[in-house]
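Each protein sequence line maps, in turn, to chains G and H. The working numbering puts the first residue of the first sequence at 1, with every later residue one more than the last. The working numbering puts the first residue of the second sequence at 1, with every later residue one more than the last.
Think of the hints as simulated: they come from the structure by calculation, not from any bench. Possibly wrong hints are sitting among the right ones.
[As the list claims (entries may be wrong)] Ranges of calculated distance between the beta carbons of each label pair, as one might list FRET restraints:
1. G:T10 / H:E306: 26 to 36 Å
2. G:K26 / H:L153: 20 to 30 Å
3. G:T10 / H:E307: 23 to 33 Å
4. G:K26 / H:D182: 37 to 47 Å
A virtual CB, placed ideally from N, CA and C, is assigned to each residue, including glycine.
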Amino acid sequence: MCLAIPMELTAVKGEAGTVRMGGAEKEIRLDLVEDPKTGDYVIVHAGFAIQKLDKEQAEKDLALIERLLDSEVEGGA
Amino acid sequence: MRYLDEYRRPEPVRACIREIAEALGDRSATLMEVCGTHTVAIFRSGLRNVFPDRLELLSGPGCPVCVTPNAYMDRAVAYCRRPDTIVATFGDMFRVPGSSSSLEKERACGADVRTVYSAMDSLEIAAQNPGKKVVFLGVGFETTTPSVAATVLAAVERDIKNYYLYCGHKLVPPALRALARDKDIAVQGLILPGHVSTVIGSEPYGFLCSEFRMPSVITGFEPLDIAQGVRLLVEQIAQGTARLEIQYKRSVRPEGNPKARRVMDRVFKPCDCVWRGIGNIPGSGLEIAPEFAGLDARANIEAEVEEERVDTGCICGEVLRGVKKPVDCPLFGSACTPVEPVGACMVSSEGTCAAYHKYGREG
């Protein structure tokens, strides 16, 4: 019941918006997030955005993952 | 899919598992994943099989469908039987048994029951069927409740007069307090729900550390998130600390989502409520605020509700509290299966018993 995934906001129309994930687009509600903009990634649950993804934090996570993978390769693991 | 796939790559997860084993050393540890979504995610990812054997994971009561009492389903069934009423519901309530029937059974007998993905869809059903009453079954924790609140506000704004909410929403922190006090539960760390926390933030969990010295980590749902959350907990146990941490930082901020909470707090007020198998937990439920009483199904729609039948022989309550495992229940896999469920834990897509049954776990 707590399923929610990050999706990219491609259009904002008042309290409604369009999100894209992979090749699919769908309409969702934006009543619960402040100042949504196209290009934002939002966490979507049951047809509503419940939060904006913190892209800066996510990029930090990804950089850490990449560094870990590089060091594994170097270490011959 | 960006910001999703990267957390599913096996190599970082393997590295994290090694760190867990190292931090655990010779000791054993028991953790509880509070949330049903975590139970399923942990099974589905295969992580249960690669965590060290000395690490035990118990499932908790964080499945809002599983903890919905028979009495709630019985009233929902009664609404189904009104010819002037359409009952709209999230899909995972559809097969949940009440005392003698379910929404599925009622629909088979001709009732107008519709499953929706979003609460807003139920409002559209009301708009398109002005001659009928539409009752939406509001079930879910703080992840879902703000969206239902937003739908109530939209109903008022659009002046849709035939839309009603049957509120069964519950709150997680009071349930955690009840768990932390429960002497039967021996858990050394809590995996806290990432999406509930996306809404409520980390502050409501402070008492877990300050009053109960319980290490707690707010964790996401992808394999790497779960591995990292478990690692943080095992490291705390090894160090003897009791801190509240956020693993799922890309979604959970300490302050949560204040706008979502304002919407939720405007439409709902806390109340006492009964959790199936557990009993009354003070302040753990939500009821509709007086301003919106006109949309309260309980107050406005008459229903002939049968007497609640509670004793079925299943041990759902102990399973939900992590005191027993599904395999300990005499009905598990025999009288109670996903095809013929006795209790909600077997029906719900995130029920502990359903997960154990599906993934073939013997305990």
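Practice problem: Please write out, lowest number first, the hints stated earlier that are contradicted by the structure. | Solution: Violated hints: 1, 3; rest satisfied.
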